[in-house]
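S.K.: Protein chains in written order, with my numbering: chain Y, 473 to 705; chain L, 7 to 286.
FYI, nobody ran anything at the bench for these hints, they're computed from the structure.
There's no promise every hint is true.
As the list claims (entries may be wrong) - Here are the simulated DSS-like cross-link-like pairs (lysine-lysine), alpha carbons at most 25 angstroms apart as the crow flies:
id: 1; chain 1: L; residue 1: K84; chain 2: Y; residue 2: K505
id: 2; chain 1: Y; residue 1: K505; chain 2: L; residue 2: K174
id: 3; chain 1: Y; residue 1: K504; chain 2: L; residue 2: K84
id: 4; chain 1: L; residue 1: K174; chain 2: L; residue 2: K259
id: 5; chain 1: L; residue 1: K92; chain 2: L; residue 2: K162
id: 6; chain 1: L; residue 1: K84; chain 2: L; residue 2: K174
id: 7; chain 1: L; residue 1: K262; chain 2: L; residue 2: K174
id: 8; chain 1: Y; residue 1: K504; chain 2: L; residue 2: K241
id: 9; chain 1: L; residue 1: K84; chain 2: L; residue 2: K205
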Amino acid sequence: MHIPDGYLGPATCGVFYAIMLPIWGLASNTVKKTLKARQVPLLAIGAAFSFVIMMLNVPIPGGTTGHAVGAVLVAILLGPWAACIAVTVALVVQALLFGDGGITAIGANCFNMAFIEVFAGYYLYRVISGSSPITSNRRVIAAGIAGYVALNIAAFTTAVMFGIQPLLHTTPQGQALYCPYGLNVAIPAMVGGHMLIFGWVEAVVTALVVKYLQKQDPSLLAAGEEVQHEDHG
Amino acid sequence: MARVNNFIERSLVGALSFLKEGIFADEFAARHGFLQSLAPQIKAITTLVFIILVLFAKSIFFIACLYLQCLLLALLSKVRLGFFLKRTWIFMPLFALFIAVPAIFSVFTPGEPLLHFEVIGFTFIITRQGILGAGLFISRVITSVSYATLLSLTTKHFVLLRVLRVFKIPQVFVMVIGMCYRYIYLFMEVIENTYIAIKSRVGVRVRYAQGQHIVAWNIAQLWQRSYQLNEDVYKAMLSRGYSGEPVILNDFKTNKRDWFWLCYTLTLAIVAFYFTYWMR
């Protein structure tokens, strides 16, 4: 899901930086209003948490492993705006220090994982959960579905970014300058893999973590919703 | 049936390699080489300019020149070439190569045929456009990855994160990024200890469903601990004078060498843009 440098052309990279700038600004202002001063370290903790989730290998049938992105989980725990900042920070640290995801593609990666996945997942979770109690099974199922669907939406937007490159950047002789595959190849390749494997990893991890937190400390699940209520209030 | 599942090992290896990254970065950043002698903000800006140049370039030859310059910079910065090549070629460029190979065939990139062969009745045609496109794609990825890696190898990580403010990123982001970096180390240590404990109790023979429960339990535990940590960290911040607004010290100094390097980079960028876009 992390797009490296060189896969997207300058126009795509520039457009997604331009789209993300106001979103980051809005996220920063919203979080300043809703998070109490004593919760500021929580943003950094959320970002580190998001980073670490991406490093944990999850076993999948067949003996191999995959990893979850955890963006929906962080959104459920912190609220979507704080999660947007937390996942952005995790992606920036990965790109700058560990070469995971490109520096020129930070805008595009953040659009997919810190915006699309976070907001789609969070609101899907809220809609499916409805007004059910914080410890209900419905919320576990909602978290799983939200994790699965949001990851696949993010995979789709990533695939579209890849797939439009031959349309935007091809020489008159037909030579691709960036990602060489069109939408007809990029979308099935990206979305197929996520629908069949990685989406399920995300769903299982998101649902199980919510289930564990319901048992151990339900107040942690309520905290994310309180932040969002304060924002709407 | 229970089967050997290596997710514990892989996570442990991931955690250890992460901790090693920090040690490597500190070791290389402490050497007396060319890039280490530059002011961090100049080094970050010039590296970004090189990565942007690679992004805009349309000629494999020009990208190859930038790549050679990157290798030369690595040598001048006392980074072992073998180590640097191993580090930059493994994974990302190899993955790009894996992605690019099908694109050389006419089914994905139609064009002037260069070579054709038959495999079990199917005819495969390699096209000139396919080869050039794949070559450009791989060279772009490897060169960008090399510059980004060189920057992170020759700059202490916490310094590199502080440099972000040069790009007018709001201080709250810079502060959160700096704090996040420290927490990552703490969390990796927690994960490493927990996984070693799990491994010593249950071994590596775990059903995949049980393994998924172990990972989820770990994540939930980590969040619970993190949330409790928040209060302690806030009190520590207050005791050090935090008043609600982050303050970041500005201690980056520049010298003539920094400005010379910046001028060289910007001149190269202007010339490259002129020949790539305006001289056509």
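S.K.: Does each hint hold? Answer for all of them.
M.R.: Status of the hints after comparison with the structure:
The straight-line distance between the Cα atoms of K84 (chain L) and K505 (chain Y) is roughly 47 angstroms, outside the 25 angstroms bound, and the hint therefore fails. Between the alpha carbons of K505 (chain Y) and K174 (chain L) the distance comes to roughly 21 angstroms, so the proposed pair stays at or under 25 angstroms and holds. With a C-alpha separation of about 44 angstroms, the suggested pairing of K504 (chain Y) with K84 (chain L) is violated against the 25 angstroms cut-off. With a CA separation close to 18 angstroms, the supplied pair K174 (chain L) and K259 (chain L) stays within the 25 angstroms bound.
Under the criterion of a C-alpha separation no larger than 25 angstroms, the hint pairing K92 (chain L) with K162 (chain L) is consistent with the structure, at around 21 angstroms. A hinted pair counts as satisfied when its Cα atoms are at most 25 angstroms apart, and K84 (chain L) with K174 (chain L) does not qualify at roughly 31 angstroms. With a C-alpha separation of about 24 angstroms, the suggested pairing of K262 (chain L) with K174 (chain L) holds against the 25 angstroms cut-off. For a cut-off of 25 angstroms, the pair hint linking K504 (chain Y) to K241 (chain L) stands: about 19 angstroms separates their Cα positions.
Under the criterion of a C-alpha separation no larger than 25 angstroms, the hint pairing K84 (chain L) with K205 (chain L) is inconsistent with the structure, at around 39 angstroms.
Of the hints listed earlier, those the structure fails to meet are numbers 1, 3, 6, 9, in rising order.
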